[in-house]
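Asker: Line order of the protein sequences matches chains A and B.
Residue numbers are given in my numbering: position 6 of the first sequence equals residue 6, and the series is strictly consecutive.
Residue numbers are given in my numbering: position 28 of the second sequence equals residue 28, and the series is strictly consecutive.
If you're looking for bench data, these hints aren't it; they were derived computationally from the structure.
Mixed in with the good hints there might be a few duds.
Stated by the list, open to error - Computed cross-link-like contacts, DSSO-like style, restricted to lysine-lysine with a CA-CA straight-line distance of at most 27 Å: (1) B:Lys150 with B:Lys106; (2) A:Lys167 with B:Lys307; (3) B:Lys106 with B:Lys159; (4) B:Lys307 with A:Lys110; (5) A:Lys167 with A:Lys110; (6) B:Lys150 with B:Lys117.
On a predicted model such as this, the values are computed, not experimentally measured, just so you know.
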Amino acid sequence: MERRIALAKAVIFLACLLPAGYYALGMAQDSLGANPIEALTRGLGDWALRLLLVTLTITPLRRLTGQGWLVRLRRMLGLFAFFYACLHFLSYLWLDQFFDWVAIGQDIVKRPFITVGMATFVLLVPLAITSSNVAIRRLGGRRWQSLHRLIYPLSMLAVLHFTWMVKVDVREPMIYGIILAVLLGMRLWWYVMDARRPLLEQRRRIIPIQTRR
Amino acid sequence: MLINRLPDIPASELTEKSVFTARRRFMRLAAGGVVTMATADLHAAERLAASLRSPFSSDEALTPYRDVTGYNNFVEFGAGKADPAQSAQALRTHPWSVTIDGLVHKPRTLALEDILKLAPIEERIYRLRCVEGWSMVVPWLGYPLASLLKQVEPLGSAKFVEFTTAVQADVMPGVQRRLLDFPYKEGLRLDEAMHPLALVGLGLYGEVLPKQDGAPVRIVVPWKYGFKSAKSIVRIRFTDMAPRTTWNAMQPSEYGFYSNVNPTVDHPRWSQARERRLGEFTKRPTLMFNGYGDQVGQLYAGMDLRKNF
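The following block holds chain B by itself, in its conformation from the complex (with noise of 0.2 Å):
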């Protein structure tokens, strides 16, 4: 279900940064002087304004900005939630490009510089909910994955995109240890990856995406479990037959190709059927596809969802 009540104040402005961290470093004094290196402190963000609210995004309580760029699953930077947060950090998104290429017409290597000026950036309140059982509502600032896709005139062909995660395996920990069979791998059939939820993400609460959310451009896919929201991208291609993702490839009877967040189909080490919303007490049911369904649900018409998990 999703409401389409415009906020009045888009979140940017909701939460002024500055405010933000300086009281979480007198917190953190108060506290007793636990002298923890929060490096998203020490980092002058880039601020990325919004020119559009979109009517897709949700008024529920924003997770507040220290859970979003401090509870990450971005398996290249460790294995641990807090880990990314410290590590990413030393991912160079300067320069970086997005080469574009398969089943299309007019193969393409863009900018960041360029990505960023492709279309009006909005923001979207989404929410994320993981694999794991927890969810977040994050106000992303970004633009429909489709306008990126089409500059590259997709063939007839084309049936899915697949989505490859950036690899400098001496400043990622994840990757020197094999976590993963990395480079990262995700994708989508086409239809998904035009529709209109699916977004380009370039930013959040109103800054440039900070490295462990994905720095400097990924996938936001809000109605599928998280992993399938693949971060810091370098190449997108077409192809004609499902691309091999990562956690597919992984363990196949757990994570499946779709991963529409279900909460029917349990994961076969928990249940999905609820989830703790972080910061809140008790656990909220889950939503079929994470409450989107009224946009989504006529992608997947006469699917088994449970064969098609």
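Okay, chain A solo, but in the shape it has when bound (with noise of 0.2 Å):
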């Protein structure tokens, strides 16, 4: 089982490096269109918020295969969202503001767009922080688990920031924002059925503490 997983995690780190992989190639050989830095800024974005969905289907997946072992996986597809997170926020302070704090100060203020944006990566931060076993440990599971709760409003922000930049199509984000509607509906759903259920046959809820040494 341990060597699976190690597998698993083997296979799915570097299955987060492609697209960085691809974008770091586009834009050494010049091959990701006429405006390159719009590409790689929206692109980094979109896998932020793919990887976002991949880690919340981590426990539907698990519930409804009985596959525990699956959120030993949630922790690394969290921080490779979050990874991308950062490129993107990097991409766009950079290449497409140059470090000018004071037009990236009025875009966080005055375009709504931005500021869901900002606010989605400012509520990722402590989540990113909080993912090592000590502070798992500090924080105690419940409290732990309560914080990282945080991650289905920050989703939904995510999604509202990719749809309120579309001019048009609004196609893909909505795409996503019924992905989303979907696993937090289960959770939804699951939430309900429990509750209703009388206490001592309700499903002992799973507090992801990781493996001790």
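Hints given; two lone chains; assemble the complex.
Answerer: This is the structure in structure tokens:
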């Protein structure tokens, strides 16, 4: 089992690096089209959102399949979502705005889609910081879990950020929105169903304590 | 600011397309055989010669042909920038005619062949600033819009002109998906339309207009955001009231009727103070009226451009 998890982690790790490699190569070879900086910034944002959604599929998948070990892939996926969010943000700060802090400040205050994007990023930071085993132990499982439920609102903000950025064709952000609605809807459904059952029958909440040495 | 120095050689002579496409083909092969259908390469483009070089031309570096023909907003053919280069190739441009009517003495329907012969074709190198914050420099071919409009003898009551883009729903994925309220309409005040900078665009880079750039006939209004320059037009109508234009009707707070390039009036979702010239790494400041203020500023004398954005 441990070997299987280690293998799965290695495969996912490499797969998660592929988009970064694609964009690095694209920038180096100038193959990202006429407006490479826009393509890069948007592409990195796309992957941050996609990986957030992948992270959110772990719990439903685990519950549907009964494969509890899946939870041990979740931290890496979440951290990769944060990794792409950082690159997306950096690309905006550097390549799009060239660290023009006045323009960036005005953007954040005046442009709702940037305000929302910024809020999403700010909410991601504490989750990334508290992703270590030490942090989980310090916070205690229950508090850690409450904190990490921030992923629900911040994912909604991420979809909103994308939707408000788009000029005409909202099909793509809508697809992400629907996926997110399904992922969150399943949780809500289970929550309601669990609450209705007599206390003794309730499924024991799995609090994700990592393996200890 | 315009620089009136005439370039020694028109752009059509500088950039030999066969050389250009051969180089592109080589680069694609070298890049590891990425098979992308660059439809423009497969089209033996019809050449269009300019007999005049315009003093209105900019001497700035031209945006490469591949970007001018590969990075387009033409929503009829999809919302992505690379969509038109692919899907617009199905546009039927022969036969083509433009009906000019409304408040005029002599309404007419002109065949494309006649439009091409109406006035001497000039090369005009214009800056093009998109409302989205990027810009290009395009070597257009065409002649003043006024030459076309005078054909129908406008009535004194005519105050505006409305341009209508063709709808060929069967080959237009964006129309099928109703991305906008089609047919696409744009409009100008009559004095704007008669201004010598306003152009009937018939070609670029020494050839007839590529389809993704608005073949076979379009409008080019260089001091306004790109969406004001209607592509593939089939009708020009003279009116006494400001026509209902597509983007303005869809989102009046974001896209004004005038939509003059103006770095001091932001789009609600982004700043218009700077722009990214395609091919450049850093952004450059956006110029009032896209740098054509000396020519067109007087058209808006006394107007509050923050209100009439």
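Asker: Each hint: holds or not?
Answerer: For each hint, the structure was consulted:
Simply put, B:Lys150 and B:Lys106 have alpha-carbon atoms about 10 Å apart, close enough for the 27 Å limit, and the pair holds. For the hint linking A:Lys167 to B:Lys307, the alpha-carbon distance of about 22 Å falls within 27 Å, and the restraint holds. Restraint check: the Cα-Cα separation between B:Lys106 and B:Lys159 comes to about 16 Å, which is no more than 27 Å; the hinted pair holds. Distance check on the hinted pair: B:Lys307 and A:Lys110 sit about 18 Å apart at the alpha-carbon level, within 27 Å; holds.
For a cut-off of 27 Å, the pair hint linking A:Lys167 to A:Lys110 stands: about 17 Å separates their Cα positions. Between B:Lys150 and B:Lys117, the direct Cα distance comes to roughly 14 Å. Compliance with the 27 Å bound is thereby established for this hinted pair.
Violated hints: none; the structure is consistent with every hint.
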